[in-house]
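A.B. asks: Chains as they are written, first to last, in the numbering used here: chain G, 1 to 73; chain W, 1 to 182.
Errors might be hidden in some of the hints.
Cross-link-like lysine-lysine pairs, in silico, DSS-like; alpha carbons within 27 Å at most [said to hold, decoys possible]:
1) Lys172(W) / Lys17(G)
2) Lys68(G) / Lys157(W)
3) Lys157(W) / Lys62(G)
4) Lys150(W) / Lys39(G)
5) Lys75(W) / Lys88(W)
6) Lys172(W) / Lys88(W)
7) Lys75(W) / Lys150(W)
8) Lys54(W) / Lys150(W)
9) Lys150(W) / Lys68(G)
10) Lys150(W) / Lys88(W)
11) Lys73(W) / Lys46(W)
12) Lys124(W) / Lys180(W)
13) Lys124(W) / Lys46(W)
14) Lys157(W) / Lys88(W)
15) Lys54(W) / Lys180(W)
16) Lys53(W) / Lys172(W)
17) Lys150(W) / Lys172(W)
18) Lys62(G) / Lys150(W)
Worth flagging that the hints you see were computed from the coordinates, not collected in a lab.
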Amino acid sequence: MGIMDYFKPVDTWSPDKVRQFLNEVSPQDYNLVDVRTPKEYEEGHMPGAQLIPVGELENRLKELDRTKPTITY
Amino acid sequence: MEGGIRAWNGLRAAGPPEAGMAYFDGATTPEELIALAWMLEEGACKFYREMGKKEKSPDAAALFRELSDDEEKHKSSLLGIYRRRTGKEANPGFPRSLLSLESGVDYLEGGVVLNQALEWAQGKELRDILDFSVSLEVNAIDLYIKMERKVEGGEAKEVFQALSNQERNHLKRLTAGLQKDW
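Bound-form chain W, shown alone (with noise of 0.2 Å):
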């Protein structure tokens, strides 16, 4: 590409080459990588869940509720390949018993503790919210392209891809909600 990344002026995920799975030790296996998805989609779904009471606007509300919505089909469809890859229901302590990770702390994309990301939504402008979230469906979808490649089986390799599609979406709707006049 003519004047390499310097010149590139779109969207860019930050974080390791390792498909973002440093900050998560041991993911490797089919299992563990649709493990770790799932924990950050749970984390992604509680972060739009919050932003969703949170905001006044009533579209900017709904816009965040929808996502959250989404980002818990993406949950679903992520324990309907595990179920099928293992033969059997995840266990009470999915997804943190194949992640090795300490319980009660949520995670979003990128290894951002959800706690602290809510700490710091607090009092922030919307615009700074939507900022933050094109981060995170950017970063999410660096992270999909990346475990569809990495994984093994043409079923999951579809969930991945189809993740990724989806993200993609919630990214235009993200860039057109900091276009917007709110």
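Bound-form chain G, shown alone (with noise of 0.2 Å):
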């Protein structure tokens, strides 16, 4: 499987529908990901956001668990 295919079911969505989602959902019900870098996330990110730079996304992909839906940004 390439890293694309495990993203496929997941739509663009927007700030507002984002919100939405993490506010009736609850944290254990869904991966959230920060792909930026570490300083970055230190910076500020969304509560609950686990880092994994872009980079590293590929051999990372096993701490995430595929059958949650996905929010990355």
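Put the two chains together into one complex, using the hints given.
C.D. replies: Pasting the structure below:
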């Protein structure tokens, strides 16, 4: 499976739609992934976001639960 | 998410990715995570208690007292899970004995030293205090979600999940406070 296949089911959501989703769904039921650099993450990130810099994503996909929706930014 | 973080106009947590634990060396076992959470709850509890004394508005003072009382309950929940996991009472040195921290210094979320926060709060407007409190709660939610992910064991996960939800409720109350004309 290629990296793009992993994210295929995920559409591009507006921030409002993401906010609504995060308000309605328990953090245990989704993956929220920050793909920026550690420095950018440290300066500010969405609460509960997991840092996986985009360059490491392919090797760290196993850290994400494939059965849950994944939101990346 | 369309537009990435730049488009996100919601609240943001700050700090490194290691569940906020980079400020506190070595908090990796479930017991250490519980101790870290307890210590941060203690810091928040003391901060809100002092704000409750400081605020002149009775409503604002009541809000801070209630938040302080809630954090006290969170400490009890954490001690309960600690007891059940270890099968023993926390020793008198808890939580510092588990975290290798210097004694006499209390911390808040994000590694802020409590005394420095209290000093900062002197002479500050209520809005500034609420703003700061919002940032504490956002970081607490961030921390508990990460701890819930990291810790093994159903009950511990449930406790961190419940704490995360309760801090969300605090966040709602504080952000409502920012809209209010005190």
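A.B. asks: Are the hints correct? Go through all of them and say.
C.D. replies: Status of each hint after checking the structure:
1. Lys172(W) / Lys17(G): Between Lys172(W) and Lys17(G) the Cα gap is close to 19 Å, so the pair holds against 27 Å.
2. Lys68(G) / Lys157(W): 18 Å, holds
3. Lys157(W) / Lys62(G): Answer holds: Lys157(W) to Lys62(G) is near 20 Å, not above 27 Å.
4. Lys150(W) / Lys39(G): 22 Å, holds
5. Lys75(W) / Lys88(W): 16 Å, holds
6. Lys172(W) / Lys88(W): Measuring from Cα to Cα gives roughly 36 Å; hence the hint is violated.
7. Lys75(W) / Lys150(W): 19 Å, holds
8. Lys54(W) / Lys150(W): 37 Å, violated
9. Lys150(W) / Lys68(G): 17 Å, holds
10. Lys150(W) / Lys88(W): Status holds; Cα separation ~23 Å.
11. Lys73(W) / Lys46(W): Status holds; Cα separation ~13 Å.
12. Lys124(W) / Lys180(W): Distance ~17 Å between Lys124(W) and Lys180(W) Cα, so the pair holds.
13. Lys124(W) / Lys46(W): 17 Å, holds
14. Lys157(W) / Lys88(W): 20 Å, holds
15. Lys54(W) / Lys180(W): 19 Å, holds
16. Lys53(W) / Lys172(W): 22 Å, holds
17. Lys150(W) / Lys172(W): Within the cut-off at roughly 26 Å; holds.
18. Lys62(G) / Lys150(W): 15 Å, holds
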